[in-house]
Amino acid sequence: MAKERRARFAIGEVVKHRFFPFRGIIFDVDPEFANTDEWWLAIPEDIRPEKDQPFYHLLAENEETEYVAYVSEQNLLPDDSGEPLRHPQLDELFDELENGGYRFRGPSAN
1 MAKERRARFA
11 IGEVVKHRFF
21 PFRGIIFDVD
31 PEFANTDEWW
41 LAIPEDIRPE
51 KDQPFYHLLA
61 ENEETEYVAY
71 VSEQNLLPDD
81 SGEPLRHPQL
91 DELFDELENG
101 GYRFRGPSAN
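When we follow the UniProt record's numbering, the leftmost residue of the sequence shown carries the number 1, and every step to the right adds one.
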């Protein structure tokens with residue numbers, strides 16, 4: 001029986017990608033890969049992650065745009081820049097705290 005790994009990052013944590021220039025806030029965590037094989041195979045083989053690790057759903061952004069990303073734990077690092085996020089869906093899921101952090105509150109009922 002495979003041992004389930006504990007997620008290193010938590011919902012509400014701001015992270016950045018290890019290889020690509022984007023950062024984001026975690027809004028959901030899958031204990032292991034839960035996307036399509038087509039999506040997984042589209043990742044370049046030399047950086048393709050193993051499937052048996054936590055994967056994170058991010059409200060992500062780079063210099064040009066904002067989007068939703070799905071990233072393996074091995075490809076994430078903490079983002080301690082302290083820079084605020086600008087993702088348009090941020091206010092739907094999180095409250096911004098005075099210390100620059102975020103508290104998850106889930107989807108609004110609007």
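Keep in mind the hints are simulated off the structure, nothing from the lab. The beta-carbon is built from N, C-alpha and C at its ideal position, and this holds for glycine as well. Among these hints, one or two may not hold up.
Calculated pairs, SDA-like style, for lysine to any residue (alpha carbon to alpha carbon, straight line, at most 20 Å) [said to hold, decoys possible]:
no., residue 1, residue 2
1, Lys16, Glu63
2, Lys51, Leu77
3, Lys16, Gln53
4, Lys16, Val29
5, Lys16, Ile47
6, Lys16, Asn62
7, Lys16, Asp80
8, Lys51, Asp37
9, Lys51, Asp80
Label pairs and their calculated CB-CB ranges [stated by the list, open to error]:
no., residue 1, residue 2, range
10, Asp52, Ser81, 29 to 37 Å
11, Glu98, Glu50, 23 to 31 Å
12, Glu45, Gly100, 32 to 40 Å
13, Pro107, Trp39, 31 to 39 Å
14, Gly106, Glu32, 34 to 42 Å
15, Glu38, Asn99, 23 to 31 Å
Given the hinted pair Lys51 and Asp80, is their alpha-carbon gap at most 20 Å?
-> Given pair Lys51, Asp80 is violated - Cα atoms ~27 Å apart, limit 20 Å.
Is Lys51 within 20 Å of Leu77, Cα to Cα?
-> holds (18 Å)
Verify the proposed pairing of Lys16 with Asn62, using a straight-line Cα cut of 20 Å.
-> holds (10 Å)
Would you say the C-beta atoms of Glu98 and Glu50 sit inside 23 to 31 Å of each other?
-> violated (38 Å)
Evaluate the given range 32 to 40 Å for the C-beta pair formed by Glu45 and Gly100.
-> holds (37 Å)
Under the criterion that the straight-line Cα-Cα distance not exceed 20 Å, is the pair Lys16, Ile47 satisfied?
-> Holds: Lys16 and Ile47 sit about 16 Å apart, inside 20 Å.
Pairwise hint evaluation, Gln53 against Lys16, where the allowed Cα distance is 20 Å at most = Given pair Lys16, Gln53 holds - Cα atoms ~17 Å apart, limit 20 Å.
Agreement of Lys16 and Glu63 with the hint, judged by alpha carbon distance not exceeding 20 Å | Cα-Cα ~13 Å, so holds.
With 34 to 42 Å as the target window, see if Gly106 and Glu32 comply at their CB atoms.
-> violated (23 Å)
For the pair Glu38 and Asn99, does the Cβ-Cβ distance stay inside 23 to 31 Å?
-> violated (40 Å)
Taking 20 Å as the top limit, are the C-alpha atoms of Lys16 and Val29 close enough?
-> Measuring from Cα to Cα gives roughly 15 Å; hence the hint holds.
CA of Lys51 to CA of Asp37, is that 20 Å or under?
-> holds (10 Å)
Violated hints, in rising order: 9, 11, 13, 14 and 15; the structure is consistent with all others.
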